[in-house]
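*Asks:* Under my numbering, the final residue of the sequence shown carries the number 262; numbering is consecutive throughout.
A hint or two may mislead.
[As the list claims (entries may be wrong)] Calculated cross-link-like contacts (lysine to aspartate or glutamate; reagent style EDC-like; alpha-carbon spacing at most 20 Å): (1) K192 with D245; (2) K192 with E206; (3) K250 with E218; (4) K250 with E240; (5) K203 with E226; (6) K203 with D186.
For the record, the hints were derived by calculation from the structure and aren't laboratory data.
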Amino acid sequence: MKVTVYDKENCAKCKNTEMFLKNKGVEFETKDVLEPENEDVLNWAKESGNTSMPLVFVNDEFSWSDLRPDKIIELSNKYHEEA
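From just these sequences and the hints, can you work out the full model?
*Replies:* Spelled out as structure tokens, the structure:
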């Protein structure tokens, strides 16, 4: 399972999401949504109305935005089932 967290600098919800994922033992990659190589994700977020950060993708598909402990628990359960 590939988990990618698109975050931005000084984003408390981003840092908390990353902390919760680490605490649940979920490996993930972090990418700054404002970096030029992530422009397509930022444009997609704007066009689709996802204005909250972070943006979390699982297996390259959008899963959720914002701080969602419920989604993190759900993802953690699936992640450890596949391990």
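*Asks:* If a hint holds in the structure, say so; if it does not, say that too.
*Replies:* For each hint, the structure was consulted:
1. At most 20 Å may separate the alpha-carbon atoms for a hinted pair to count; K192 and D245 meet this at roughly 6 Å.
2. The straight-line distance between the Cα atoms of K192 and E206 is roughly 18 Å, inside the 20 Å bound, and the hint therefore holds.
3. Among the hinted pairs, K250 with E218 is inconsistent with the structure: their alpha-carbon atoms are about 25 Å apart, more than 20 Å.
4. Only pairs whose Cα atoms come within 20 Å are accepted, and K250 paired with E240 is accepted, the gap being roughly 14 Å.
5. Distance restraint check for K203 and E226: the Cα-Cα separation of roughly 31 Å exceeds the 20 Å cut-off, and the hinted pair is therefore not satisfied.
6. In summary, the hint linking K203 to D186 is supported, as the alpha carbons are separated by about 19 Å, within the 20 Å threshold.
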